[in-house]
Amino acid sequence: MNLDFYKTQAQQKQKEHKKFLDGLKKKPPKNLDYLVLEKHEETFSEIDCLSCANCCKTTGPLYTEKDIERISKHLRMKPAEFESKFLRIDEDQDKVLQNLPCFFLNDDNTCSIYDVRPKACREYPHTDRKKIYQINNLTIKNTLICPATYVFVEKMIKATEK
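For what it's worth, the working numbering labels the leading residue of the sequence shown as -18, then goes sequentially.
None of these hints come from the bench; they were simulated from the model. Check each hint, because a few of them may be wrong.
Pairwise CB distance ranges (calculated) [stated by the list, open to error]:
1) E62 to L(-16): 28 to 38 Å
2) L31 to D73: 45 to 55 Å
3) K100 to N(-17): 27 to 37 Å
4) K(-1) to R57: 41 to 51 Å
Cβ atoms here follow ideal geometry from the backbone N, Cα and C, with glycine treated the same way.
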């Protein structure tokens, strides 16, 4: 996976992608949710997250109280112990990882807590979401981090040109 290539492409197409996504917000096609799901599935049949894991290396998820309870139980730790060992409070008062890359990322790009991973990790990169135009800014940001998000937006542009 050539991350530099995808990041450069995403940077060059930021304005085009933003214009496209803003257009979806102004006038969403009738079949938008169906199209989003179709292009999401198509993208992830072509791109293997395990060949990249850039999200786990460069961005930390937000941890909810439910995430903390579930993961600390899995690790046989008290929630407070889990928090003090792995998390910090950021400028938005959210609980996030103390350090990156993610502590739970294995050398082979698998996740050591995959079955109990945070909700934010389960939902990332949010390309299968209904009413995707509600997260345009996040989608644009994610094209710079996640090659699959870049490919997804490109597929969406092609699909709506027809």
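Now the hints, each set against the structure:
1. E62 to L(-16): 28 to 38 Å: 34 Å, holds
2. L31 to D73: 45 to 55 Å: 30 Å, violated
3. K100 to N(-17): 27 to 37 Å: 30 Å, holds
4. K(-1) to R57: 41 to 51 Å: 46 Å, holds
Violation of the numbered hints given earlier is confined to hint 2; every other hint is satisfied by the structure.
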